[in-house]
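Student: Going line by line, the protein sequences match chains A and B. Heads up: the first sequence at position 54 corresponds to 78 in my numbering, and the numbers run straight through without jumps. Heads up: the second sequence at position 76 corresponds to 87 in my numbering, and the numbers run straight through without jumps.
These are computed hints drawn from the structure, not numbers from a lab. Glycine is no exception: its CB is placed at the ideal position from the N, C-alpha and C atoms. Be aware that a few hints might be false.
[Said to hold, decoys possible] Pairs of lysine to any residue, SDA-like flavour, derived with a Cα cap of 25 Å: (1) Lys95/A / Leu22/B; (2) Lys124/A / Val23/B; (3) Lys83/A / Gly112/B; (4) Lys124/A / Lys24/B; (5) Lys95/A / Lys64/B; (6) Lys82/B / Arg66/A; (7) Lys87/A / Val63/B; (8) Lys27/A / Met99/B; (9) Lys27/A / Asn42/B; (10) Lys110/B / Glu76/A; (11) Lys79/A / Gly65/A.
[Said to hold, decoys possible] Just a sample of chain A residues kept apart from chain B, beta carbon distances all over 10 Å, derived: (12) Leu86; (13) Thr93; (14) Gln96.
[What the hints assert, rightly or not] Reference listing, derived: stretches of chain A covered by chain B, where coverage requires no fewer than 3 residues with Cβ under 8 Å from a Cβ of chain B: (15) 37–44; (16) 106–112.
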Amino acid sequence: SQKIEQNSEALNIQEGKTATLTCNYTNYSPAYLQWYRQDPGRGPVFLLLIRENEKEKRKERLKVTFDTTLKQSLFHITASQPADSATYLCALDLTGGGNKLTFGTGTQLKVEL
Amino acid sequence: DVKVTQSSRYLVKRTGEKVFLECVQDMDHENMFWYRQDPGLGLRLIYFSYDVKMKEKGDIPEGYSVSREKKERFSLILESASTNQTSMYLCASSVRSGKDGYTFGSGTRLTVV
């Protein structure tokens, strides 16, 4: 069956370092992949979308890569800050229609002083 | 600022009650979605709608129904609440293609006792 996998273990890093989160998927080649941020008790917030023909996309301190051969996306936060602490979710449409997302379970990031 | 508004942040209902969760968006989005989020399981799609009076089942529709009489409003109905429906419920909306990301509401934490 189709699956999206994110590391369930929390990632703890020091302020100023680059955080790298991984999203792997199986059995499907989506047209695009999305990343969201979720704070405790709140709804997810859309961050970035990357298309299958884009190897890399940047937005301020965020960078996303998309390797359709490895079926993997990497999400980087450079110069991380304590305010970046949150859970990060990847999502993609497993049906091919382009508008019905399935979400990974997320990886919790903690940035320490 | 664009918004998806969910009518209640916290709700406590008794087993067997009929429960209505309301969601309103002000972005003129065609698509609306209901997810539930549980620890370790991530977000799971209950129902979605691509247009007024249109609905489609998601991955876990059992025990739920929906109503979309107006474009801006999408209601989730628990026909007879059960304790296993205790969860965080999240409403989201998007443009028809879905490629600009989803906008989520803040969520309704429902407890069924």
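Student: Could you tell me which of the numbered hints above are not met by this structure, giving the numbers in increasing order?
Tutor: 1, 2, 4, 5, 7, 11, 15, 16
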